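Chains as they are written, first to last, in numbering that gives the first Met the number 0: chain A, 0 to 816; chain B, 0 to 215.
Rather than coming from a laboratory, the hints here were simulated on the basis of the structure.
None of these values were measured; they are calculated from a predicted model.
Please note: incorrect hints may appear among the correct ones.
Computed, partial: chain A to chain B, Cβ under 8 Å [what the hints assert, rightly or not]:
| hint | residue |
| --- | --- |
| 1 | THR314 |
| 2 | LYS337 |
| 3 | THR522 |
| 4 | TRP610 |
| 5 | GLU741 |
| 6 | ILE743 |
C-beta: ideal position from N, C-alpha, C; glycine also.
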Amino acid sequence: MEGKEQTRVNPLIVWLFTTNHKNVGILYLVTSLYFLVVAGILALTFRIQLTVPENNFLTASAYNQAVTAHGLFMLLWVVTPLASAFANYVIPIQIGAKDMAFPRLNALSYWLYLASGIMALSSFFAPGGTADWGWTTYAPLNTLQYSPQAGGSLMGLAIIILLSSSIVATINFMVTIFRLRAPGMKLMLLPLFSIFWLVTIFLMLWAFPAFLAPLILLVADRVLGTVFFTSPEGGALLWDHLLWFFGHPEVYILLLPGLAITGDILAVFSGRKLYAKKVIVGALIVAAILSYIVWVHHMFMTGIHPGLREAFNITTELISIPFGVITISYILTLVGGKIRFTTPMLFAIGALALFIIGGASGVFNSSVALNFGMRGTFWVVGHFHYTIVGGGITGLIAGLYYWWPKMTGRMFNEKLGKLHFIIYMIGFNLLYFPMHALYDMPRRIYVYEAATGWGPINMLITMGGFLFGASFILFFWILLDSLRRGPVASDDPWNAKNYSIEWNVPSPPPEFNFPEGKVPVITAQGLEFRSINEIVGGPVSGISARIGPSKAPNIPANGGTPMEHHGPHLSPWPFVLSMGVAMTLLGLFFGPGLLILGLAVFIGSLVGWGWEDLKERFHVAIEALGEKWPFDKVENHTFAMWVFVFGEIGLFGPLFMAYFFVRANASLTGFAWPLPGQIHDITLGALNTILLFTSGLTMSLALIGAKRGEEDLLRAGLVATFILGAVFLAVKGFEWSELFAEGITFGSDISASLYYVLTGIHGAHVLAGLIALIYLIIKAYKGGFSPHRHVGVEAFAIYWGMVDAVWMFLFPLFYLI
Amino acid sequence: MAAPAPSADIWHSLFNFYLTSAITISAVVFAIMIYVLIRYRSRGEANPGDPEYRIGDLSQRGSVKVAIALTIILGVLFLGLTTSTFSAMEFMEEIPEDNPDALHIKVLAFQWGWRFTYPNGKTLTGELRVPAGVPVILEITSQDVFHTFSIPAFKVKKDAIPGRINYAWFEGKYAGEYTIRCYELCGVGHAEMLARLLVMEPEQFEKWYEEFSSKG
Ligand code: HEM
Ligand SMILES: [Cu+2]
Ligand SMILES: [Cu+2]
Chain A
0 MEGKEQTRVN
10 PLIVWLFTTN
20 HKNVGILYLV
30 TSLYFLVVAG
40 ILALTFRIQL
50 TVPENNFLTA
60 SAYNQAVTAH
70 GLFMLLWVVT
80 PLASAFANYV
90 IPIQIGAKDM
100 AFPRLNALSY
110 WLYLASGIMA
120 LSSFFAPGGT
130 ADWGWTTYAP
140 LNTLQYSPQA
150 GGSLMGLAII
160 ILLSSSIVAT
170 INFMVTIFRL
180 RAPGMKLMLL
190 PLFSIFWLVT
200 IFLMLWAFPA
210 FLAPLILLVA
220 DRVLGTVFFT
230 SPEGGALLWD
240 HLLWFFGHPE
250 VYILLLPGLA
260 ITGDILAVFS
270 GRKLYAKKVI
280 VGALIVAAIL
290 SYIVWVHHMF
300 MTGIHPGLRE
310 AFNITTELIS
320 IPFGVITISY
330 ILTLVGGKIR
340 FTTPMLFAIG
350 ALALFIIGGA
360 SGVFNSSVAL
370 NFGMRGTFWV
380 VGHFHYTIVG
390 GGITGLIAGL
400 YYWWPKMTGR
410 MFNEKLGKLH
420 FIIYMIGFNL
430 LYFPMHALYD
440 MPRRIYVYEA
450 ATGWGPINML
460 ITMGGFLFGA
470 SFILFFWILL
480 DSLRRGPVAS
490 DDPWNAKNYS
500 IEWNVPSPPP
510 EFNFPEGKVP
520 VITAQGLEFR
530 SINEIVGGPV
540 SGISARIGPS
550 KAPNIPANGG
560 TPMEHHGPHL
570 SPWPFVLSMG
580 VAMTLLGLFF
590 GPGLLILGLA
600 VFIGSLVGWG
610 WEDLKERFHV
620 AIEALGEKWP
630 FDKVENHTFA
640 MWVFVFGEIG
650 LFGPLFMAYF
660 FVRANASLTG
670 FAWPLPGQIH
680 DITLGALNTI
690 LLFTSGLTMS
700 LALIGAKRGE
710 EDLLRAGLVA
720 TFILGAVFLA
730 VKGFEWSELF
740 AEGITFGSDI
750 SASLYYVLTG
760 IHGAHVLAGL
770 IALIYLIIKA
780 YKGGFSPHRH
790 VGVEAFAIYW
800 GMVDAVWMFL
810 FPLFYLI
Chain B
0 MAAPAPSADI
10 WHSLFNFYLT
20 SAITISAVVF
30 AIMIYVLIRY
40 RSRGEANPGD
50 PEYRIGDLSQ
60 RGSVKVAIAL
70 TIILGVLFLG
80 LTTSTFSAME
90 FMEEIPEDNP
100 DALHIKVLAF
110 QWGWRFTYPN
120 GKTLTGELRV
130 PAGVPVILEI
140 TSQDVFHTFS
150 IPAFKVKKDA
160 IPGRINYAWF
170 EGKYAGEYTI
180 RCYELCGVGH
190 AEMLARLLVM
200 EPEQFEKWYE
210 EFSSKG
């Protein structure tokens, strides 16, 4: 029924306004492949430059920009978004849900991703070109003094938007995977891809905000003139610690989706269960936790205390153990099977083989002593391409072949697929293996002398690069050819219907994934589709249906949604909002007209989104009926907010660490930290503390009012909270203006920089809270809340509590000590 | 051919040890993998038969004993490698401060080059001259951005960080000419941030150093 309705909507509108997880997945797929091509071409240009010694195909500046953009694009705009494409498309089906928990936020993640990509591409055209400091962006080369080009700042902002997009996606997936599983779908029953993705987003939840923190400091340095990375108290090592604290979890974020797909495919095409799945998952969790305590292995040469280095040497070696266990379990999975060498299977085997080589070279890197040779050389370049491209991207390519028939309804040419595999493997190894022989050649040099003898190996590498590039031309040809005239795919072309749910539904699946009016139910006998009434009506035999009739969501009998204003699954606001963000930020660099237009669009989209909510125009009923362990007790929005707060810890944690790092260094460099009361007025600080604390109490009262249905209390509480928050901001503004009048600005010294940026970030949180409060107040006055429906108030109370809590740290740090 | 510095000797023997272990382990793993792939390949293509897995099946394949054994084997292997690293690290990092003969040099990295200051207070830019067979202690820092000091042939490397001093040491065994390079991207001049290291016969060095010190 919706299908017919949808065909009447202009297809362009569908793609722009879609919130359906499968459409969003395809958008991710196309966009990430586009960036793969861009980043690949960049790589080929600098490989041409290195083919022979003393070449002058590129200038040093062009080389540095190309190598920087290549790294950033591949790491941030290609690998994870490509994995997200599959996660979006497949995971809701694999867990047995009709869509993501928050379809509009899902669309928002995608459009912010695209917005950030447009910004990153535009940075090439900003005056002076784009960032040229290498993807690692070491300080203080990344500051205005040494890299004045505006494109660098734009790239920084682009990454900030990209990370925001990922954080939104993380929250959405967290709620989806924990709370929308089909009845009987225990976490351990999920395919590896879903399980590994869950671990991946746990890593993202702390790693991405941890990268956001130094980027905010960097952009502040470059735009506002703060001195985080130019002062000796912060400087190079502050950046190093923050970057690599993010950096190591990041490499697993890049690897895990591909590694997971590899495992699933090995099982499917050998017809065997995964060997020791529990051990695999356990090893994965151990590795994920360890990944937060190995970052110093990227800093072995910085002169850090030797004891620390030995400790990190050991943790790094330890992390090889779980990966070794996973690798061996994968191989053992095949034992006793009937292995079918299809294209996806070949790529999965290839991914495993390449990952083993990458793991082996990683063990060399973990040695502090060997690092005297390896650090900063092509050996490291070889190592991480074997792991990330070899293990990660090869696995994702296997996944694309595997799910392609599901996503498009078309088969591809197997013979050409196998040819692709052969060219891919030869090209890859010709490209990356010889890099290990260049363990004396520095990374990121645009030219080298003939006397070094590096010429012939570089020639080989470039040839491999072009062969590898060619394999992608064939790849895209295979895909296009399949779209054009590939044979129609059955529901289950790989004989995988016993492995995961997506092979039990049509190719491509209908809008809400499952047969009309039915949902998947997992029992000890296997998968069944049962009618919704059967489940909502009461406990179903063999499963734990925890939802009683009273809490049962109102799902129309057709399993879809009632026809809404925008048609099913459509909302313009994620798209409009993201474009507003992009225009605003691009306007900073390309003209105030764009800036003003962007701001108008942005504010308009916030209003529009809020309006859509108030009018309940967008409603896709996706409340699940099944497994929610271990988060049975919370509601989706509240859970989402808790996840968000967790992510905020990942942002404020590193910011506070920066504060302590600077304070500790200040005592070494002899920097005179201002005494309490010397600069910041303790009385005003205390006043603000009281204001915020009181607003916490009024917010609690509002929540009590909402829960009891006492509308007056709710309204009064919300309004009081708003006023207190607004006064807080006003006092803050007064303090800032006083300081400015005294001549204390962003860049006066490191203590001023810290003060402005940390309280500024906190102030921005207060401001965002006030905007949300306006929405809640309007809704409260329209009678939009009841004792049963007040998740908005509850979620906001959690948010506001966090904003309070952060201030309780900021106040003593800046006013009292 | 023996390496030109004790640090490089140690490094190469450690590297060879890692390389031998890595090749052995990977060879075993690859051999098993290839054997398994051939042995269990599907013969009758048409009907792959019923797979062993089933949605909803929580029962596990494989044994915990294998996993534990595997963890222990891998642990012993990796930690064995690590201990061999630590002794090498001690040698490479132990600054011979107590050695009265040691030559102390201050190294300043800048965009884009290297400046070396001798105990006599005089500086050389783009060239470092030292006597063979004598430990040289380096005090490394940077005047602008993050650089990495290295003598690749000696396997000596340390970051040059503004506002910080890092220490490193080396000893050239024989007279000869070597290259000093930067190993951290430091701007457009990074590729050309080279200096010449001249290891001299001790007598020759003495002679040169005297002249160098007395020059105006
Ligand atoms: C067997 C386990 C591994 C070990 C012991 C290991 C160890 C290391 C070490 C010590 C470094 C620093 C090298 C240096 O700069 O001198 C490094 C670099 C790197 N590793 Fe690994 N690694 C392992 C697996 C992985 C995996 C699975 C990935 C990604 C999926 C990965 C990605 C990277 C990247 C991207 C870098 C370079 C960062 C840069 O400097 O740009 N590694 N690895
Ligand atoms: Cu790492
Ligand atoms: Cu450099």
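Hint check:
1. Taking 8 Å as the C-beta contact cut-off toward chain B, the hint placing THR314(A) at the interface is violated, the least distance being around 10 Å.
2. Interface restraint check: LYS337(A) against chain B, minimum CB-CB distance 4 Å, threshold 8 Å, status holds.
3. Interface hint status for THR522(A): upheld, as the beta-carbon distance to the closest one in chain B is roughly 6 Å, under 8 Å.
4. Nearest Cβ of chain B to the Cβ of TRP610(A): about 42 Å, over the 8 Å cut. The hint is violated.
5. Residue-level restraint check for GLU741(A) is violated (minimum Cβ-Cβ distance to chain B is 28 Å; threshold 8 Å).
6. The restraint placing ILE743(A) at the interface with chain B is violated, with a minimum CB-CB distance near 23 Å, outside the 8 Å limit.
When the structure is compared with the earlier hints, violations turn up for hints 1, 4, 5 and 6 and for no others.
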